[in-house]
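**Student:** Each chain is listed here by its residues.
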Amino acid sequence: DARVTQTPRDKVTEMGQEVTMRCQPILGHNTVFWYRQTMMQGLELLAYFRNRAPLDDSGMPKDRFSAEMPDATLATLKIQPSEPRDSAVYFCASGFGTGVRNTEAFFGQGTRLTVV
Amino acid sequence: GNSVTQMEGPVTLSEEAFLTINCTYTATGYPSLFWYVQYPGEGLQLLLKATKADDKGSNKGFEATYRKETTSFHLEKGSVQVSDSAVYFCALSPFGNEKLTFGTGTRLTIIP
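Note that the protein sequences, when read in sequence, are chains A and B.
Sequential numbering of the first sequence, starting at 1184, is according to our numbering.
Sequential numbering of the second sequence, starting at 3, is according to our numbering.
Careful, some of the hints might be misleading.
The list that follows gives simulated cross-link-like pairs (lysine-lysine, DSS-like), each with its CA atoms no further than 27 Å apart [unchecked claim]:
{"no.": "1", "chain 1": "A", "residue 1": "Lys1261", "chain 2": "A", "residue 2": "Lys1194"}
{"no.": "2", "chain 1": "B", "residue 1": "Lys79", "chain 2": "B", "residue 2": "Lys54"}
{"no.": "3", "chain 1": "B", "residue 1": "Lys54", "chain 2": "A", "residue 2": "Lys1245"}
{"no.": "4", "chain 1": "A", "residue 1": "Lys1245", "chain 2": "A", "residue 2": "Lys1194"}
{"no.": "5", "chain 1": "B", "residue 1": "Lys58", "chain 2": "B", "residue 2": "Lys101"}
{"no.": "6", "chain 1": "A", "residue 1": "Lys1261", "chain 2": "B", "residue 2": "Lys101"}
Chain B stretches covered by chain A per the calculated footprint, using a threshold of three residues with CB under 8 Å from any CB of chain A [said to hold, decoys possible]:
{"no.": "7", "region": "43-50"}
{"no.": "8", "region": "100-106"}
Derived by calculation from the structure, the hints in this document are not laboratory data.
No residue lacks a Cβ here, since even glycine has one placed at the ideal position from N, Cα and C.
Work out the full structure, taking the sequences as your base and the hints as a guide.
**Tutor:** Dropping the structure here:
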């Protein structure tokens, strides 16, 4: 049963610490998305890759957030330094895109981040 | 820009009631439209989709029709069950890229 795997599921960290969230997309998928979900803002797109190249990271605070795909099986989202306002659930999703139409995006179970 | 406006929640219904959750969108061209469902503690799952005007997406008794004239994609189910309790998100993906723009979500609770 193919699925998007995110680690860790839960993370509690102190303000100022570096946080790294990992995502293993479904094998064969070529698009990867990072979303942040909060009660106030809902689902916000942070970054979006196709074939490992970043296509859009306009939703991501550049001064502290970075997203990469070191290889086709791993996507990472880093926050350095973390702040309490970064507390949220971070979702990774993968799909197969052609640049024309979106196919179904499969979501991971999310990483719940709490910054104290 | 692209946007999705969803019916405000929460919505509480009795089992076997008829469900409608309204969704309207703003987009240029011909976007694809989606409904996703999120169960407690889980990620989002695709419920149904439609890629062109007048298409009807359906799954698990849920239906939604792509109405370009009213820029709407309302979700309906004839008889809801307790297991349908979840948060429902309407979303669009514009023609030409794969980015999903989501509505704010509607929390649905079904009581026995």
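**Student:** Okay, which hints does this one fail, numbers in order?
**Tutor:** 3
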